[in-house]
Amino acid sequence: MSDATPDDLEGVLKLQYLAYQGEAVRYDDHTLPPLTQDLAGVREDHRAGVLLVVRLGSEVVGSVRGRRQGDAFHIGRLVVHPRLQRRGLGRRLLAAVEERAGDAERLELFTGDRSTEQIALYTAAGYRPFRTERVAPHLGMVHLRKEAPAVAPSAGQGVV
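First residue of the sequence shown: 4, per the numbering used here; consecutive thereafter.
Hints should not be assumed to be uniformly reliable.
[Said to hold, decoys possible] Quick list of simulated restraints, FRET-style, between CB atoms:
hint: 1; residue 1: LEU87; residue 2: ALA127; range: 16 to 22 Å
hint: 2; residue 1: PRO9; residue 2: ARG109; range: 27 to 33 Å
hint: 3; residue 1: THR135; residue 2: ARG90; range: 26 to 32 Å
Just so you know, these hints were derived from the structure itself, not from any lab. Glycine included, every Cβ here is placed at the ideal spot set by N, Cα and C.
Build out the structure end to end from the sequences listed, making use of the hints.
Below, the structure is given as structure tokens:
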């Protein structure tokens, strides 16, 4: 697992498109934002925040994004190649991006209200729902959060 490089971004986009096909079927909606995002959008996400990838050889098989907004660190687009799902890779990606939250007070993310596997992953990692919203007649979003772990002082920065 590592920070994405500019050379990874096309692979991130292809993986995102592949990984969200199941969600498109679940919600009967092939216009979900992860399916309509273009390479310029992925480049902007890369420039503006954290974008982690897992590679198998030269293929990107997992990725996640994070971005600080005020006191919160927002996590999104956690995707794992379908042939590698249910092996703990999503859990490891989530833990790795959480470590990049810096001194954010809380970690936040969202998923579709019928995405039971994702909701289970997030609640197992300590996230709790705090808001739901209906974004379309067929699509509700569940927003989840958890308090960020306390950041330990760096070496030489004792507590006074």
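Outcome of the hint check:
no.: 1; hint: LEU87 - ALA127: 16 to 22 Å; result: holds, 18 Å
no.: 2; hint: PRO9 - ARG109: 27 to 33 Å; result: holds, 30 Å
no.: 3; hint: THR135 - ARG90: 26 to 32 Å; result: holds, 30 Å
Checked against the numbered hints given earlier, this structure breaks none of them.
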